[in-house]
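2 protein chains.
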Amino acid sequence: MKGNNNILERNNALFNKYEALLKMIQQGENSQFIYSFSCLHPYEKSEFFFLVDEEERLYMYRFLNSEEMAQVLSNAESLKHDMSIVFKEMPSDFAREAILKMSDDDATYVLNLLNNDQKSEIFNSLPEQKTNELKNLMSYHHETAGSIMTTEYISISPTMTAGDALKHIKSCSGKVQTIYVVYVVNNDNELIGVLSLRNIINSDPAQRISDVMNSNVIKIESFIDQEEIAHVMRKYDFLAIPVVDNYNHLIGMITVDDIIDVIDKEANEDYLKMAALDHVSDAEGTVINRATKRLPWLILLTFLGMITATILSSFEDTLAKVSLLAAFIPIISGMSGNTGTQSLAVSVRGISTGEMKKKNKFKHALKESTSGLITGSICGFILFLVIVIIYNQPLLGLIVAISLTIAMTVGTTIGSLIPFFMTKIGIDPAVASGPFITTINDIVSMLVYFSLATTFISSLT
Amino acid sequence: MKGNNNILERNNALFNKYEALLKMIQQGENSQFIYSFSCLHPYEKSEFFFLVDEEERLYMYRFLNSEEMAQVLSNAESLKHDMSIVFKEMPSDFAREAILKMSDDDATYVLNLLNNDQKSEIFNSLPEQKTNELKNLMSYHHETAGSIMTTEYISISPTMTAGDALKHIKSCSGKVQTIYVVYVVNNDNELIGVLSLRNIINSDPAQRISDVMNSNVIKIESFIDQEEIAHVMRKYDFLAIPVVDNYNHLIGMITVDDIIDVIDKEANEDYLKMAALDHVSDAEGTVINRATKRLPWLILLTFLGMITATILSSFEDTLAKVSLLAAFIPIISGMSGNTGTQSLAVSVRGISTGEMKKKNKFKHALKESTSGLITGSICGFILFLVIVIIYNQPLLGLIVAISLTIAMTVGTTIGSLIPFFMTKIGIDPAVASGPFITTINDIVSMLVYFSLATTFISSLT
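Quick mapping for you: the protein sequence lines, in order, are chains A and B. Just so you know, we're using the working numbering here: the first sequence kicks off at 1 and counts up by one. Just so you know, we're using the working numbering here: the second sequence kicks off at 1 and counts up by one.
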């Protein structure tokens, strides 16, 4: 994130355009509005639509064509807006037309944001075949290939010539999401090859598709998790990837723009989970929304924190004798928490991006704990010097330094291993996040610190 | 991150393929190796190449063509490998040929990983024009549009017909990264329009480009930060975006596959920075590497932690009288740290993804602190009940509960505002991460807790 005047300028220019459009609506300059709006990029149409109020949107329903409304709704995914409100205000004919003109992955996305009554109203108004297609797509599990794929792709037969294929692509051009990748299927709709438009253009028009296609197709089954798809597409630099059922029948395709959204969303999720937040749209939540979503976690952590409190209270005698011990509680628990979180972050991202393999986990944990031991000894030594200088208490300094070293070594070990353990028992490791590690490390580090202190208490007092 | 048998199967199949290839090398089955290797996807060629040892790589330099070596090296970005070692073993003719056959953004990336001697050796062996092109690209600032763009794009003239344009695209097809987006420039090389191959295919071959092109081009200046480019490309669902200089001259293009790498990398950076780690490749670092990179941060945090320790030691009298107070230090500082980190995460990602505008910052902070007040009161009340039940000390419970509420309210406020402040003074807000917020919150919460405790000490003892 760096500030950038140029981008600000662009944004300002865009917002000036939006303001001009708003004025046209308010002053009823209909034809001028229709022209200016049509010149916007689909994303900008969407952004403008969701920025204005209901009154302006009502105006737009009268003056936009359903093609434009389809563009507006197709960007709902990046813009986040309460779709059920929009569909309540929108004339139902218009909603129907717009849904028909959207690509079916976008339509599925929007329909999933509506309430049940709205969904069935739209399904009733659509042609039966379209309804079945969309319902079928909506039946796939959330965040799997099936749920983000589109069924609007181009498939060709291996017996076609390259010239025929090009003609076919032209004729499909208006109905599909991308024409740049086409799939070759046999008579049973089994996926047997892939070709890019570039391959076809470069081929002799008389050549057979079966001779020029790539039959080593990398494909995805419908139940595969979207994060896995993102890995594959990122590795292979694909513009699209085909989706097949269990019998290798081609059932859909996923395009790169949808995968960019996935990568962004998954990274956001990992990031927010590390802070024990479980929702991406938190930045837009109301107060009650934010509070209720975080509360279960925080209450859980309160109870976990009571474990540390109970341990500490069992050392009340030690504390009563040397109350200065309490002054170093936050630093020891904090540092073991910090290093633990660092190790955790490296493991979680390593697993998420696929860089870290399970077989390396112990090697990785060993590296982390050694690094904890080294950094712990150095920070411990510094702390020892500071305590000797400020409080003139070398033994206290030694106890604090040794505790810090052990706490940081244990912290890094736990932090690096927990994510693998979580993956093993089937829990998303990003959830085993900062605060959890901190609690475990708190307990361990306080036990070490006060056991040491209690042992040497006679020399301390 | 979910486990997935299907993906594991695919990976196993791939690794079996790699093992078979390795065997072919070891048994000298040259022609079989050459054929099998050529059937791999470019990414797989790369993965195999970087998986094997020097001995096998030396074999490959003899049997692969430079086209294949270019594919291998082009994927260096996702695979991370010490390029200077590879270039040391590689015959210099072969290295030269491979660099010539790579797209220039990938070549720039690889050259930047070499040491200075290797760089100049390669530059000396390349044709002068190529050297100048690459040096020019390498002169752009790291992580800007200029540094990740390619200069191998297709530009056409507005006076061409669609049919001419299609012919021109076919003739360029072997030399450019993508043929799916072409840019229209005037005689001065100023960018005046954009067209997709789809537009061209759908146009009447006799139509003029100036009549069918989109003249509302969204473009990027060469100095724009890559994270900003990712925002724009994500919003608009582009396959490529043109790069211009200050005078609107077309100088390059950035393709979607490079942007996917950027999104992934930036998300990783944000994530690791939150844990006070500043490098993406930490997952591969040696022990010394990990320790030395983290040490400066940890030493800084040790000194920051001493501030809390000093504050606490100034309350030594209070602690000596009621040593049970110490038992609740970790829970109060921990909870204010946790909520602060949550608020921080929401703000940092909100700023990073562009969802959160500066003008909303106070509204956002108000929401966060109110949410902190609500969750703090509830957790505080629970803690109060637990302390009354376990320790039968209602006044202590009240002090802890009030301190927790204040600490969590302050924690959320600070956590939500700090990232905006950091952005304002030009520091990456992701760096103002967890541990920092935790230290500030520690100081505030301990001051509140012990001030309250000292005030009511007479009733407590």
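Just so you know, the hints here were simulated from the structure itself, not pulled from any lab data. A hint or two may mislead.
[Claimed, not checked] Chain B residues, not near chain A, derived (Cβ > 10 Å throughout):
#1 12
#2 23
#3 62
#4 65
#5 208
#6 264
#7 270
#8 286
#9 323
#10 421
[As the list claims (entries may be wrong)] Derived CB-CB ranges, DEER-like:
#11 206/A with 171/B: 28 to 36 Å
#12 236/A with 136/B: 38 to 46 Å
#13 206/A with 85/B: 41 to 49 Å
#14 39/B with 38/A: 53 to 61 Å
#15 136/B with 299/A: 36 to 44 Å
#16 171/B with 173/A: 20 to 28 Å
This structure is a prediction, so every number in the text was calculated from the model and none was measured. Cβ coordinates follow ideal geometry from the N, Cα and C atoms, glycine included.
Now the hints, each set against the structure:
no.	hint	result
1	12	holds (13 Å)
2	23	holds (20 Å)
3	62	holds (25 Å)
4	65	holds (19 Å)
5	208	holds (20 Å)
6	264	violated (6 Å)
7	270	violated (6 Å)
8	286	violated (7 Å)
9	323	violated (4 Å)
10	421	holds (13 Å)
11	206/A with 171/B: 28 to 36 Å	violated (20 Å)
12	236/A with 136/B: 38 to 46 Å	violated (30 Å)
13	206/A with 85/B: 41 to 49 Å	holds (48 Å)
14	39/B with 38/A: 53 to 61 Å	violated (48 Å)
15	136/B with 299/A: 36 to 44 Å	violated (59 Å)
16	171/B with 173/A: 20 to 28 Å	holds (22 Å)
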